Amino acid sequence: MRIRLLFGALLVMAAAMVFASPSYCAGELGVQPPSNWESTGPQNDLTGTLRTISDVLPRDWKENNEYTDKYGGTCSNKVFFNADGNRYRVDIWLDPAGLTSGPNFIPLTYKGKPTFQYILTYVYAYYGAPADPRNGAGQGNNMASAYTQFTTSQSEIYRSTLAEGASGVQGQFQFKYAIAVPDNQAQGTYNGIIRYQVIRDDTFAVINSGSVGVKIVIGSLFRLSVDRGTVDFENMKPGDTKDNVPVEGVIVKSKTNVGNPWYLKISNDNPLSNGPYMIPNSNLIWYGWTVGKGTWYGNGTDQMSLVPMLVYAGGMSEGVNLPDGTDNHLKFKLAIPKGQPGGKYLSTIKFTMTE
Amino acid sequence: MKIASVMILMVLTVFLVPAYSLQTTNTLTVMVNVQSSFALIVNSDSFDFSRLMPGQTGEIARAEGIVVAGASSGGNPWYLKVSAVKPLSSGSDFISNENFSWYSSTEGKGESFGSAEKSFSDPSNTAYISSLDEANSSEKVVNKFKFKLFVPEETKPGYYTTTVMFTMTE
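Sequences listed follow chains A and B, in order. Residue numbers for the first sequence follow my numbering, beginning at 1 and rising by one. Residue numbers for the second sequence follow my numbering, beginning at 1 and rising by one.
The shape of chain B in the complex, shown without the other chains (with noise of 0.2 Å):
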């Protein structure tokens, strides 16, 4: 009965080695290298506070504001800035920037400033400050800016322009 049991034994070891059979690899290497974006779109070149009579305050007139998007896949944070690079100007004649001012909302995830109404004299002027998500990605944050101007009693007629610049940087 012992011997019985060993030879049983041994019949099952023979059919439970696998087959033996033949196999090789060889690699490859795959590489890419994905260039980061980083992108400002701002959806209009201009904006107008129509006629403004000295002592009256006008707002742009767009219902939804200008609307900037940015981007980043750069992996850093990124702030967007907003300034006036001059002060609304007429010739020599101009309306100071204490009395131009902007506020905006935000549909992004990160922290907004322009919640509450702030001068281009201001120099605090971030309006944003992105999600570390916001900053892995192409997808567009969207910032809504609004823009008030005062016009001062003793301003001259005329008609007074300026450059409203947003910065997105690093």
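Pulled out of the complex, with its shape left as it was, chain A reads as follows (with noise of 0.2 Å):
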């Protein structure tokens, strides 16, 4: 017991002669951490901890410029072993159970492009001395440089020098993951398991091995657009009627990742008011069709409302409709009461997608 506390106090000595700053970590079987080395968090048999992407959203796929802003996110972690007098490998690999989240899962490809990736970002052989010049960066090749699409069976991602895995190196390696999320993915809490091993390449005898939990949490989106910001009956005058506005339909757009039945209502918080004048509610009618497999609500006829109306419930397919959403399409017809004064009026439709 005395001899190894001695020990350990020489070591931290030893570190601050190297390092102007004493950010030698104990827990790492004292190896000396490169200068840009996490300090903090777990350092060696990472099985059992868990790493959390969180709260991404699907986004927009784009077909160029991958990867340049779809990150959902990134998380790292670091391993530590000991080299056994051979040259060794450093494999890493999806669990086969994938990530999923209850019956939903991510896939490892979407629209022909990796989503879950690894890139090994620094390798670290340490030769038993402080002082020893090899001390440093692995001489090796990384095969894994650049973000790598994860695969569920053993990926080599590095392979030492013969002088890195002789007997008393001591390495250290780090790979970051990152999630590009599909567009369509559904909310939920996705959890899978990144598996690694570090083996001889001559014997394949295992030198280090463990696992770490990831969990990747996918945001909820629950989203409604209009395609344009007015109505505009123009010019009418008291007794006209027009119809069939705007000539095209409005199109309402709901978008969720929820998974959850949800509803389109349709409000107004003011009928067509200028002033003190007011065009009933009773003359202002929406109607329209939808294009979704739900159920559309409205019969033609009905008069705009303060109190939300039913338009639309979304099907039951309808829970998760990434990336394109249901589009509802409305319509409005007027009706300008005999003596009704004249002025620009103007009212507020309020949709509101609700669960």
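Keep in mind that the hints are not guaranteed to be accurate.
Simulated crosslink set (DSBU-like; lysine-lysine; CA at most 35 Å straight-line) [what the hints assert, rightly or not]:
{"id": "1", "chain 1": "B", "residue 1": "Lys140", "chain 2": "A", "residue 2": "Lys333"}
{"id": "2", "chain 1": "A", "residue 1": "Lys350", "chain 2": "A", "residue 2": "Lys331"}
{"id": "3", "chain 1": "B", "residue 1": "Lys148", "chain 2": "A", "residue 2": "Lys237"}
{"id": "4", "chain 1": "A", "residue 1": "Lys344", "chain 2": "B", "residue 2": "Lys140"}
{"id": "5", "chain 1": "A", "residue 1": "Lys237", "chain 2": "B", "residue 2": "Lys109"}
{"id": "6", "chain 1": "A", "residue 1": "Lys333", "chain 2": "B", "residue 2": "Lys109"}
{"id": "7", "chain 1": "B", "residue 1": "Lys148", "chain 2": "B", "residue 2": "Lys109"}
{"id": "8", "chain 1": "B", "residue 1": "Lys146", "chain 2": "A", "residue 2": "Lys253"}
{"id": "9", "chain 1": "A", "residue 1": "Lys237", "chain 2": "B", "residue 2": "Lys144"}
{"id": "10", "chain 1": "A", "residue 1": "Lys253", "chain 2": "A", "residue 2": "Lys242"}
{"id": "11", "chain 1": "A", "residue 1": "Lys237", "chain 2": "A", "residue 2": "Lys215"}
{"id": "12", "chain 1": "A", "residue 1": "Lys237", "chain 2": "B", "residue 2": "Lys146"}
{"id": "13", "chain 1": "A", "residue 1": "Lys253", "chain 2": "A", "residue 2": "Lys265"}
{"id": "14", "chain 1": "A", "residue 1": "Lys338", "chain 2": "B", "residue 2": "Lys156"}
{"id": "15", "chain 1": "B", "residue 1": "Lys109", "chain 2": "A", "residue 2": "Lys242"}
{"id": "16", "chain 1": "B", "residue 1": "Lys140", "chain 2": "A", "residue 2": "Lys242"}
{"id": "17", "chain 1": "A", "residue 1": "Lys350", "chain 2": "A", "residue 2": "Lys253"}
{"id": "18", "chain 1": "B", "residue 1": "Lys140", "chain 2": "A", "residue 2": "Lys331"}
{"id": "19", "chain 1": "A", "residue 1": "Lys344", "chain 2": "B", "residue 2": "Lys109"}
{"id": "20", "chain 1": "A", "residue 1": "Lys344", "chain 2": "B", "residue 2": "Lys148"}
{"id": "21", "chain 1": "B", "residue 1": "Lys140", "chain 2": "A", "residue 2": "Lys237"}
{"id": "22", "chain 1": "A", "residue 1": "Lys338", "chain 2": "B", "residue 2": "Lys146"}
{"id": "23", "chain 1": "B", "residue 1": "Lys109", "chain 2": "A", "residue 2": "Lys338"}
{"id": "24", "chain 1": "B", "residue 1": "Lys81", "chain 2": "A", "residue 2": "Lys338"}
Just so you have them, the derived chain A footprint on chain B, three or more residues with Cβ under 8 Å [what the hints assert, rightly or not]:
{"id": "25", "segment": "24 to 32"}
{"id": "26", "segment": "120 to 126"}
Selected chain B positions facing chain A (in silico; Cβ < 8 Å) [to be verified]:
{"id": "27", "residue": "Ser21"}
{"id": "28", "residue": "Gln35"}
{"id": "29", "residue": "Ser36"}
{"id": "30", "residue": "Ser37"}
{"id": "31", "residue": "Asn136"}
{"id": "32", "residue": "Ser137"}
{"id": "33", "residue": "Glu139"}
By construction, these hints were calculated from the structure, which means they are not laboratory data. It should be emphasised that the depicted structure is a prediction, and the values quoted were computed from it without experimental measurement. We put the CB at the ideal spot given by N, CA and C, even for glycine.
Put the two chains together into one complex, using the hints given.
Quick look at the structure:
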């Protein structure tokens, strides 16, 4: 017990001599961390640890400029091991169970592009003495220097030099992983297990192995958009009626990845008004049609209402309707009462999408 | 006993919290420009005193007179005036406007000035002023006009005509 304490104290002193900042981390079995090494978090056997890519949203998938703006998030882990006398290799893979959230899963490719990916960001070799000039970045072959698609089979990401694999040499590697979330991904917390191993490349004996749990939280997307801001009946005289406005219909698009039934309602905050004068809501009719698979509730002659009225109920398959969403089309008919005072009348129609 | 009470309160708190449900809204502004109506309708384009002898007074034969209907949704009070564009004339002969008069009745809620007979020579030719309600309504306001003509003794024979003009103005 006394010897181990003394040994640790000597190492601390040595580290202070080499590096200006005492970033030595005893948890790494006495190995000097490189200057860019994260000094917090799991350091060695990562089995059972969990890293989270939190609250990322499905993105619009861009065929070009890939990955520049669609990483939902990144996490990193690092692994320490002792070389055992021969060149070693590092493998990484995603547990075959994949990334799942109940019945939902994140595919490993989407539209021909990888989703869940890794990159080997750093390999460090420590030759047993702090002053050894060979200490530093690994000189082996990094096969994952760019983001690479996860597969469920073992994929080699690094092969050391013979010197790095010599007995007494200690190694570390750090990898990061990222997710490009498919633009139709259902909300949920997806779990998976990343597995890795360090093996001799001659006997394939395992030097080190482990896994890290990964949790990817796909946020909820519940969005309603209208393809324009105004509908203008333009000039009308008292007693006039104008129908089929706008001719092409207003497109109300509902998007969700929440997975629940949803409803589209319509109302207005006030009847068409011009100062103290109003055109009753009974004179403003809404109607339309849907291209969705749910139920359209308009009867063709529905009067506008201050109380939200049901327009559409999303179908069972529309709980997740990304990326295109569900379009509902609306038109309006307006009758100006005889004797209606002149002026510009306005009303704000409100569309509500609710679960 | 004290502890039990606290536990019950906690359970109730949990159940009273409403379930969270997602909701989102978007808006659309509807607009219309209602044009003001301002109209005057006369139910006949002519009337005839028939044959009158010098020194004789005649009245329009129609029992209801000439029906003049005005309507406005402009929001401002409006006035109905009546005038003759020129004296009744036949060639170079004429009958002075002092001999030609009008009076009226109204079905409107405004103020009528035609209950007493007025000659067309009177510069005060306002027959009716609308009420505030009538200033913002396309409902027609009906005024009925009757006319009386005295043919002076010295009037030469002939077919005398003129144009009576009804003017509606804000």
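Any hints from earlier that this structure breaks? Give me their numbers in increasing order, please. Hints 3, 8, 11, 14, 20, 26 contradicted; others consistent.
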